[in-house]
Amino acid sequence: MIQDTLKARLNLNAVLRNLEVLPTLDEKAAEIIRDWSVSIRFRIRGDIAPRLAFSNGKCTYAPDAVDPADILLFLWSPAHLNAMFDNKANPIPLKGFSKLGFLKNAFPKITERLEYFLKPDEAALRDPDYVRVNIALSLYTGVFAVCELAQFDPIASQVIQQMPPGTLQLSVLPDGPEAHIVYDGQGHATAFRGAAKNPTASIAFRDRTIASRLFNGQLDGFGAVALGDIKLKGLIPLIDNTNLILDRIPLYLQ
Amino acid sequence: MKTYNYDKSTEWFKRAVKAIPCGVYGHFSPAPYVPIDAYPFFSNRAQGARFWDVDGNEFIDYMCAYGPMVLGYAHPDVDAAFEAQWRQSDANSVASPCMIELAEMLIDMVPVAEWAFFARNGADVTNLSVMVARAATNRKKIIAIKGGYHGTTPWMQAPGHHGVIPEDHEHLIRIPWNDIAALKQVIADHGDDIAGFIATPYHHPVFADNALPADGYWQQVTELLHKNGSLVIVDDVRAGFRLHMGGSNEKYGFKPDLICFSKAIANGYALSALVGTEALRVDAAKVFHTGSFWFCAGSMAAAMACLKTLQEQRGPELMAALGKQLTDGIVEIAANHGYTMKVTGEMAMPYLRITDDDNVMLQQNWCGECTKRGAFFTSHHNWFLSTAHTEDDIKHTLDICDDAFKALKEQS
Numbered sequence: 001m002i003q004d005t006l007k008a009r010l011n012l013n014a015v016l017r018n019l020e021v022l023p024t025l026d027e028k029a030a031e032i033i034r035d036w037s038v039s040i041r042f043r044i045r046g047d048i049a050p051r052l053a054f055s056n057g058k059c060t061y062a063p064d065a066v067d068p069a070d071i072l073l074f075l076w077s078p079a080h081l082n083a084m085f086d087n088k089a090n091p092i093p094l095k096g097f098s099k100l101g102f103l104k105n106a107f108p109k110i111t112e113r114l115e116y117f118l119k120p121d122e123a124a125l126r127d128p129d130y131v132r133v134n135i136a137l138s139l140y141t142g143v144f145a146v147c148e149l150a151q152f153d154p155i156a157s158q159v160i161q162q163m164p165p166g167t168l169q170l171s172v173l174p175d176g177p178e179a180h181i182v183y184d185g186q187g188h189a190t191a192f193r194g195a196a197k198n199p200t201a202s203i204a205f206r207d208r209t210i211a212s213r214l215f216n217g218q219l220d221g222f223g224a225v226a227l228g229d230i231k232l233k234g235l236i237p238l239i240d241n242t243n244l245i246l247d248r249i250p251l252y253l254q
Numbered sequence: 001m002k003t004y005n006y007d008k009s010t011e012w013f014k015r016a017v018k019a020i021p022c023g024v025y026g027h028f029s030p031a032p033y034v035p036i037d038a039y040p041f042f043s044n045r046a047q048g049a050r051f052w053d054v055d056g057n058e059f060i061d062y063m064c065a066y067g068p069m070v071l072g073y074a075h076p077d078v079d080a081a082f083e084a085q086w087r088q089s090d091a092n093s094v095a096s097p098c099m100i101e102l103a104e105m106l107i108d109m110v111p112v113a114e115w116a117f118f119a120r121n122g123a124d125v126t127n128l129s130v131m132v133a134r135a136a137t138n139r140k141k142i143i144a145i146k147g148g149y150h151g152t153t154p155w156m157q158a159p160g161h162h163g164v165i166p167e168d169h170e171h172l173i174r175i176p177w178n179d180i181a182a183l184k185q186v187i188a189d190h191g192d193d194i195a196g197f198i199a200t201p202y203h204h205p206v207f208a209d210n211a212l213p214a215d216g217y218w219q220q221v222t223e224l225l226h227k228n229g230s231l232v233i234v235d236d237v238r239a240g241f242r243l244h245m246g247g248s249n250e251k252y253g254f255k256p257d258l259i260c261f262s263k264a265i266a267n268g269y270a271l272s273a274l275v276g277t278e279a280l281r282v283d284a285a286k287v288f289h290t291g292s293f294w295f296c297a298g299s300m301a302a303a304m305a306c307l308k309t310l311q312e313q314r315g316p317e318l319m320a321a322l323g324k325q326l327t328d329g330i331v332e333i334a335a336n337h338g339y340t341m342k343v344t345g346e347m348a349m350p351y352l353r354i355t356d357d358d359n360v361m362l363q364q365n366w367c368g369e370c371t372k373r374g375a376f377f378t379s380h381h382n383w384f385l386s387t388a389h390t391e392d393d394i395k396h397t398l399d400i401c402d403d404a405f406k407a408l409k410e411q412s
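Residue numbers (the working numbering), protein chains in the order written: chain A, 1 to 254; chain B, 1 to 412.
The following block holds chain A by itself, in its conformation from the complex:
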């Protein structure tokens, strides 16, 4: 049950949320959504109901918005939503029947584009432009996933209890992407894209290649730290414990 709930939250709040930035990173994605003017709510029975909206070439994702949406998709359970993400089940439309064509034909184009960038193969990782987008989306998925894991994963929720309050910044040098996580020291984390004003700790990747190799499991992180390819600063326990939480992601997302 918790497994399904957490996976659903990761699929929505960490993965699907990337649709907000994908069009800013990828021209094809921008082209796909350019003329869209539609909003979609995913309502999971007894759980969250985030809203995704496309307008003027932009996408916004609100995990807890109450505004109405043009399309309302009902999911019986977190497991139902996860099955939808795995293309093994369909949601139940409760509103927006005239837009079912959009859902069937247009919307998958942007989610497929997102999946393309989040599930790299070796050939794709040789393309610098692909790597640029993959790194950004991987970083953002990671920081937002930390917040969900800290709340619902039994191990991560113990890990976060050991963490002091503070802000951890993650940066890919020389020009981004950047993201940061604010820990309140009481078991809660909040993630943001972009740089923090006054981080308590920071991880900086020397360049995109280093970040890409680490994110895609091709790099010994400890060795990279010693060689200066990954620079750590500040309150190291924030970094150590965040890594422990990040390491839980593959248990839920493949």
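Hints were generated in silico from the structure; no laboratory data involved. Fair warning: there could be bad hints in the mix.
Said to hold, decoys possible - Stretch by stretch, here's where chain A covers chain B in the computed footprint (C-beta under 8 Å, at least three residues): (1) 22-35; (2) 151-165; (3) 242-248.
Said to hold, decoys possible - DSS-like, lysine-lysine: derived pairs with alpha carbons at most 27 Å apart: (4) A:LYS119 / A:LYS197; (5) B:LYS227 / B:LYS140; (6) B:LYS251 / B:LYS140; (7) B:LYS409 / A:LYS231; (8) B:LYS409 / A:LYS197; (9) B:LYS406 / A:LYS231; (10) B:LYS324 / B:LYS406; (11) B:LYS184 / A:LYS231; (12) A:LYS231 / A:LYS197; (13) A:LYS119 / A:LYS109; (14) A:LYS88 / A:LYS119; (15) B:LYS324 / B:LYS227; (16) B:LYS2 / B:LYS406; (17) B:LYS324 / B:LYS251; (18) A:LYS231 / B:LYS324; (19) A:LYS231 / B:LYS14; (20) A:LYS58 / A:LYS99; (21) A:LYS231 / B:LYS2; (22) A:LYS104 / A:LYS119; (23) B:LYS342 / B:LYS395; (24) B:LYS146 / B:LYS2.
Think of the CB as a built atom: it goes at the ideal place given N, C-alpha and C, for glycine as much as any other residue.
Assemble chain B onto chain A, guided by the hints.
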């Protein structure tokens, strides 16, 4: 002041990382060394209070091999004792009489000790101490301190670490240091099942200020635990023989049931010891615990020479005085540069932190600047004094500290 470079260390590390996971693992991992380019990774030469890295840079060493070096590297009496025993017999198919002599020496020296058991590393005996406590009480639960460290066996690692499963912590209860109310609550909740309480004599976590026991803390702990039929274990692996030759508990005026020693016991030779009270002798005898190298006699001979020399030198008093001289000097120099340096813990193994930021980055940069000038300081862990450090070493170190503060000022 000239600063060091570490080209050869880096070259060695590139080789290391191909052959060894992490390159250098565990507490020697460079990961907490911030900024990383301020630190050496490899050394093949050490003498007295100094080591030289593979680039030939010389360091006054305030980490002392993270504690084992207490008389100075390559101490002639200790090395001679080791070598003599090693030439005679080290690994063997039966135990050496040397083991008995060392046990008798500890029984004479450590008031709590009425027997001694030897192993190789600190975790060997912290594990044994918990097994003895469980065997003696027929109970399961162990109380430990939040942030306390007793080795890397799974029951002692923090939740979430790789290779550790939730069941490893099933019978471990962590409470805050110096919190008698929390201890009383745990006893109220689990009294019948508490085998023992394990803690270091004072709280010396990493990345955080160290904390001495509050007045009467240990006395209340022992009273509450003993009243509950539970045992008190002091993990004196890090502090043992640096604070008091009779065990650090003597400094704080209490009597535990079991004490774990290692690190400083043999000035760098691999040895650990669990000592205990007469009441636990039979239970200790019943617990099966052993290791391939636990009977190697060279380390035991080295330990006897080390402890004898420490006694003769009044080592704990000397290290406390050197530590006070060092830390007083650093506090004053820091203030001269407009910084506030906080010193916590015991002076023989002090923890220092610049308090002018809330993220330890100033402290990291300053320790890095000191290290690049020849005073090996880490920012995440308490330092260690040894009896080999001299007043001249301290004076030179303070010159380094002064120059490092100037560099820190220039960076800001």
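Tested hints:
Counting residues of the stretch 22-35 of chain B whose CB lies closer than 8 Å to any CB of chain A gives 10, so the stated coverage by that chain holds, three being the minimum. Only residues whose C-beta sits within less than 8 Å of a C-beta in chain A count toward coverage, and the stretch 151-165 of chain B has 5 of them, enough to reach three; the restraint holds. Coverage of a stretch by a chain is defined here by at least three residues with a beta carbon nearer than 8 Å to that chain's beta carbons; for the stretch 242-248 of chain B and chain A the count is 0, and the condition is violated. Taking the CA atoms of LYS119 of chain A and LYS197 of chain A, the gap is near 32 Å; set against the 27 Å cutoff, the hint is violated.
With a C-alpha separation of about 17 Å, the suggested pair LYS227 of chain B and LYS140 of chain B falls inside the 27 Å cut-off, and the hint holds. Under the criterion of a C-alpha separation no larger than 27 Å, the hint pairing LYS251 of chain B with LYS140 of chain B is inconsistent with the structure, at around 30 Å. With a C-alpha separation of about 22 Å, the suggested pair LYS409 of chain B and LYS231 of chain A falls inside the 27 Å cut-off, and the hint holds. The hinted pair formed by LYS409 of chain B and LYS197 of chain A meets the criterion: a straight-line CA distance of about 22 Å does not exceed 27 Å.
Distance restraint check for LYS406 of chain B and LYS231 of chain A: the Cα-Cα separation of roughly 24 Å lies within the 27 Å cut-off, and the hinted pair is therefore satisfied. A C-alpha spacing of about 23 Å is found between LYS324 of chain B and LYS406 of chain B, which places the hinted pair at or below 27 Å, so the restraint holds. At most 27 Å may separate the alpha-carbon atoms for a hinted pair to count; LYS184 of chain B and LYS231 of chain A exceed this at roughly 44 Å. This hinted pair checks out: LYS231 of chain A and LYS197 of chain A have alpha carbons roughly 18 Å apart, not beyond 27 Å.
Using a Cα cut-off of 27 Å, the hinted pair LYS119 of chain A and LYS109 of chain A holds, with the two alpha carbons roughly 15 Å apart. With a C-alpha separation of about 18 Å, the suggested pairing of LYS88 of chain A with LYS119 of chain A holds against the 27 Å cut-off. For the hint pairing LYS324 of chain B with LYS227 of chain B, the CA-to-CA distance comes to about 38 Å; that exceeds 27 Å, so the pair is violated. Pair hint LYS2 of chain B plus LYS406 of chain B holds up; C-alpha atoms about 13 Å apart against a cutoff of 27 Å.
A distance of roughly 17 Å separates the Cα atoms of LYS324 of chain B and LYS251 of chain B; the hinted pair therefore holds under the 27 Å criterion. Taking the CA atoms of LYS231 of chain A and LYS324 of chain B, the gap is about 34 Å. The hint is violated against a cut of 27 Å. For the hint pairing LYS231 of chain A with LYS14 of chain B, the CA-to-CA distance comes to about 16 Å; that is within 27 Å, so the pair holds. With a C-alpha separation of about 19 Å, the suggested pairing of LYS58 of chain A with LYS99 of chain A holds against the 27 Å cut-off.
Between LYS231 of chain A and LYS2 of chain B the alpha-carbon distance is near 24 Å, which keeps this suggested pair within the 27 Å criterion. Only pairs whose Cα atoms come within 27 Å are accepted, and LYS104 of chain A paired with LYS119 of chain A is accepted, the gap being roughly 22 Å. For the hint linking LYS342 of chain B to LYS395 of chain B, the alpha-carbon distance of about 20 Å falls within 27 Å, and the restraint holds. The straight-line distance between the Cα atoms of LYS146 of chain B and LYS2 of chain B is roughly 41 Å, outside the 27 Å bound, and the hint therefore fails.
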